[in-house]
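Let chain A serve as the given structure and place chain B on it in line with the hints.
Residue numbers (this note's numbering), protein chains in the order written: chain A, 1 to 426; chain B, 1 to 426.
Each hint should be verified, as a subset may be incorrect.
It does not matter which identical chain is used: a pair holds within one copy or between any two.
In silico BS3-like links for lysine-lysine, alpha-carbon gap of 25 Å or less [claimed, not checked]:
| id | residue 1 | residue 2 |
| --- | --- | --- |
| 1 | Lys374 | Lys100 |
| 2 | Lys341 | Lys100 |
| 3 | Lys61 | Lys341 |
| 4 | Lys223 | Lys151 |
| 5 | Lys223 | Lys233 |
| 6 | Lys100 | Lys346 |
| 7 | Lys218 | Lys61 |
| 8 | Lys28 | Lys61 |
| 9 | Lys421 | Lys28 |
| 10 | Lys100 | Lys412 |
| 11 | Lys412 | Lys223 |
| 12 | Lys233 | Lys151 |
| 13 | Lys61 | Lys374 |
| 14 | Lys28 | Lys100 |
| 15 | Lys346 | Lys374 |
| 16 | Lys233 | Lys412 |
| 17 | Lys341 | Lys421 |
| 18 | Lys151 | Lys412 |
| 19 | Lys218 | Lys151 |
| 20 | Lys422 | Lys412 |
| 21 | Lys61 | Lys151 |
| 22 | Lys341 | Lys374 |
| 23 | Lys422 | Lys151 |
These are calculated hints, taken from the structure and not from any lab test.
Number of protein chains: 2
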Amino acid sequence: MPQNHIMTKDKQITTKDTPNYGFDITHKLPNSLARAGVLHTPHGDIQTPVFIVGGTKATVKTLTNDQVRSINGQAILANTYHLMLRPGADIVEQGGGLAKFMNWNGPTFTDSGGFQVFSLGVAYKKGINAVANSEQGDAGKAKASSDQLAKIDEFGVNFRSHIDGSALRMTPESSMRLQWQIGADVHMAFDECPSPLAEESYIRESLARTHEWARLSKIEHDKIWQEHQQAGKPYQALWGVVQGARIEELRRESARFISDLDVDGFGIGGIFEPAEIPTAVNWAVQELPEDKPKHLLGMGNQISDLFLGVEYGIDTFDCIAFTRQGRNGSCYTATGRINIKNTQFKTDFTPLDPECACYTCQNHTKAYINHLFKADELLALTLNSLHNEFFVVNLVDRIRQSVIDGTFYDFKASYLERYFKKPFNP
Amino acid sequence: MPQNHIMTKDKQITTKDTPNYGFDITHKLPNSLARAGVLHTPHGDIQTPVFIVGGTKATVKTLTNDQVRSINGQAILANTYHLMLRPGADIVEQGGGLAKFMNWNGPTFTDSGGFQVFSLGVAYKKGINAVANSEQGDAGKAKASSDQLAKIDEFGVNFRSHIDGSALRMTPESSMRLQWQIGADVHMAFDECPSPLAEESYIRESLARTHEWARLSKIEHDKIWQEHQQAGKPYQALWGVVQGARIEELRRESARFISDLDVDGFGIGGIFEPAEIPTAVNWAVQELPEDKPKHLLGMGNQISDLFLGVEYGIDTFDCIAFTRQGRNGSCYTATGRINIKNTQFKTDFTPLDPECACYTCQNHTKAYINHLFKADELLALTLNSLHNEFFVVNLVDRIRQSVIDGTFYDFKASYLERYFKKPFNP
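Next up, chain A with everything else stripped away, as it sits in the complex (with noise of 0.2 Å):
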């Protein structure tokens, strides 16, 4: 079985098994579990902590792979489920795996498709906050209805394609065949994400399908490495999810389940609310092991959160939010959201943020960019995703330097103050 090459300040191991992969923690806050550092793939390092853009299908939406350069993106986060759809995983493959298939030629992760379980499933056409707000919300014991396109068995779930509807199914040991088929740097276990609503037994139920689909993972993942190993390929990591929901006692015990299968690092899912993070991520966090990387599954697009996750132990983030709202108009400025499509922006001729350095700002206008909107001109999307990602990615920047600074709580409390106009409080 392959071993982790994880390095910290205070330990390096160091085997040829997974070679240019591994993590080292390079800076600690004091008091606290945020930290910096420095993750190691094949394609290059990524320096944590760090917002890992969205390419969902292998591309980021509107972007070409130079702009996505110039806000500073380090790695891309692409999603199984959809490239397995199109073009599909052999097709990545023969084009040399997704980072070399897309061009990006830089760090790449890959989500399992087991986000889809929910979405496609029990949440499919609702959204997932109208599950989490329906009155009927306990989509753990919903019956599968006629428009669910997923059901889950004790092995996978069976899906219906949201494109063709043709039928697929997609297990943990498929998911894995898939992941290192498509050939991004980190892989994700295949998990159930279960509803914020779903009742204790359920999460009990799904939490113990998460374990057993998170060993299957772990046992296919080793044995495709070993046969990649053989043609002399390069190590892709495997990071496990823990799940476990507001349950304390679950949260703990899935950390030290996931945590035991001796993983590359961790993803925390199923955290629907920036108040989860100072509580059920913190439970889990403070069962794995501190060495190695954690990455917060699903946050939404709360600037909240990144602070939050960065001080209880979160390494990498990814949200399509930011990039989505962009394309609706929404702009993220340092003192709040502003929606760009609006009138009063008609005769605006200053910057989205006037203290932004990317692209969009430093070279266009409110006016010409509501101008766009209004004449339906792509390039509004184009200028609002460059803003927004910049926008995400550079405040994670600033909140890693500010851990190696040691002023991050500082930084914290003005940033978040100002952004929302009164104190925060989570």
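Structure of chain B alone, referenced to chain A:
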């Protein structure tokens, strides 16, 4: 009345009245109308012959200005009609004029809006080719139908906005006012472009109107220039438009009439087929002063038009078909067009055109672009627009160089034979 600042090798007329505007012919191809030159504008010089990039609504569709510069775009042509509707000429003016409003900060042109007389009037919802090929194709005779958005009278055109149906009117005078407000470096006189199938009686009537409108355009232009001059603002040039369909007598008459107005350059309109370049364009150019720049209005997507245009004395081209075709998946290569959406390209890991130096071809494969189209990803439109626009800009740059080198006819024959896979005969 202001005079032109026209320079050729043989003569140079410089007046204080038209600062920063002028045209130098630097090279002439022996025994031909083809020439290379430099068009001077308040926002910079343009090397001619040149393909002017289409920026109808103050944006080159899907491309940032940096990307337009990366394909060696020298100038942008926007549309008075579209900008009048959105965001409004007053907003563009408040934003510092077209070049500053869109932060292009290079040379710009505007169409007069006159072509919309045609495309929103008799040709509305039919498409130009549909009118040209129609059995009841005499658009000039056609009665105004309820779905026409424009009606022509002696003094101008009543429009209905294609956006909200509101009633608008454009006259030579209002087109000039709007163009000065928008503030491009080169304006076009307000003209009517008759259908290619119009009867001779209609063409004569229409041409008389176009000439009267050109005269009124010039009077209004000079009046506004005096106002601007007193305010210390730079000159904006007026190019007159030659019509006359396929009738030699009318083309020559039109060229002489427009030439006598002492405008700063010329647009040649109403050209619908490549075969009209050696005839109708040639007749017009023979009557026009050699030392002023000439623009081919309404060229199609025929690569051969670029060679024929230069051969018969055209200095500037524009056409939005190249980016539009790119957005539809149709890509230009040195050996003809391909549709990147075709399934055969799903596993083709070579560039669109192996000889092409554009960003798209230097960075991406056919398989990747095919995937982006299949996955409805907007980056597909950006990458194809970059490629096609580079293709045509670069081709005209190469034609320019062949005029300078004296290799034009060899280049034309070899390029078009390879492109069409047979010797080219117009």
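Now for the hints, and whether the structure bears them out:
1. Lys374 - Lys100: between (37 Å within a copy, 19 Å between copies)
2. Lys341 - Lys100: between (37 Å within a copy, 20 Å between copies)
3. Lys61 - Lys341: both (20 Å within a copy, 19 Å between copies)
4. Lys223 - Lys151: neither (27 Å within a copy, 74 Å between copies)
5. Lys223 - Lys233: Answer is within; shortest intra-copy Cα gap is 14 Å, inter-copy 74 Å.
6. Lys100 - Lys346: Between copies, since 15 Å is at most 25 Å while 42 Å is not.
7. Lys218 - Lys61: neither (31 Å within a copy, 47 Å between copies)
8. Lys28 - Lys61: neither (34 Å within a copy, 47 Å between copies)
9. Lys421 - Lys28: So Lys421 and Lys28 fail the 25 Å test inside a copy (30 Å) and across (67 Å) alike.
10. Lys100 - Lys412: Neither: 37 Å inside a chain and 38 Å across chains, both beyond 25 Å.
11. Lys412 - Lys223: neither (44 Å within a copy, 60 Å between copies)
12. Lys233 - Lys151: Intra 35 Å, inter 69 Å, cutoff 25 Å: neither.
13. Lys61 - Lys374: both (20 Å within a copy, 14 Å between copies)
14. Lys28 - Lys100: neither (34 Å within a copy, 47 Å between copies)
15. Lys346 - Lys374: Only inside one copy: Lys346 and Lys374 sit 10 Å apart there, 35 Å across copies, limit 25 Å.
16. Lys233 - Lys412: Classified as neither: same-chain Cα gap 42 Å, cross-chain 49 Å, threshold 25 Å.
17. Lys341 - Lys421: within (23 Å within a copy, 49 Å between copies)
18. Lys151 - Lys412: neither (42 Å within a copy, 63 Å between copies)
19. Lys218 - Lys151: within (23 Å within a copy, 72 Å between copies)
20. Lys422 - Lys412: within (13 Å within a copy, 69 Å between copies)
21. Lys61 - Lys151: neither (29 Å within a copy, 43 Å between copies)
22. Lys341 - Lys374: within (7 Å within a copy, 29 Å between copies)
23. Lys422 - Lys151: Neither way: Lys422 and Lys151 sit 44 Å apart in one copy and 58 Å across, limit 25 Å.
When held up to the earlier numbered hints, the structure conflicts with 4, 7, 8, 9, 10, 11, 12, 14, 16, 18, 21, 23 and fits the remainder.
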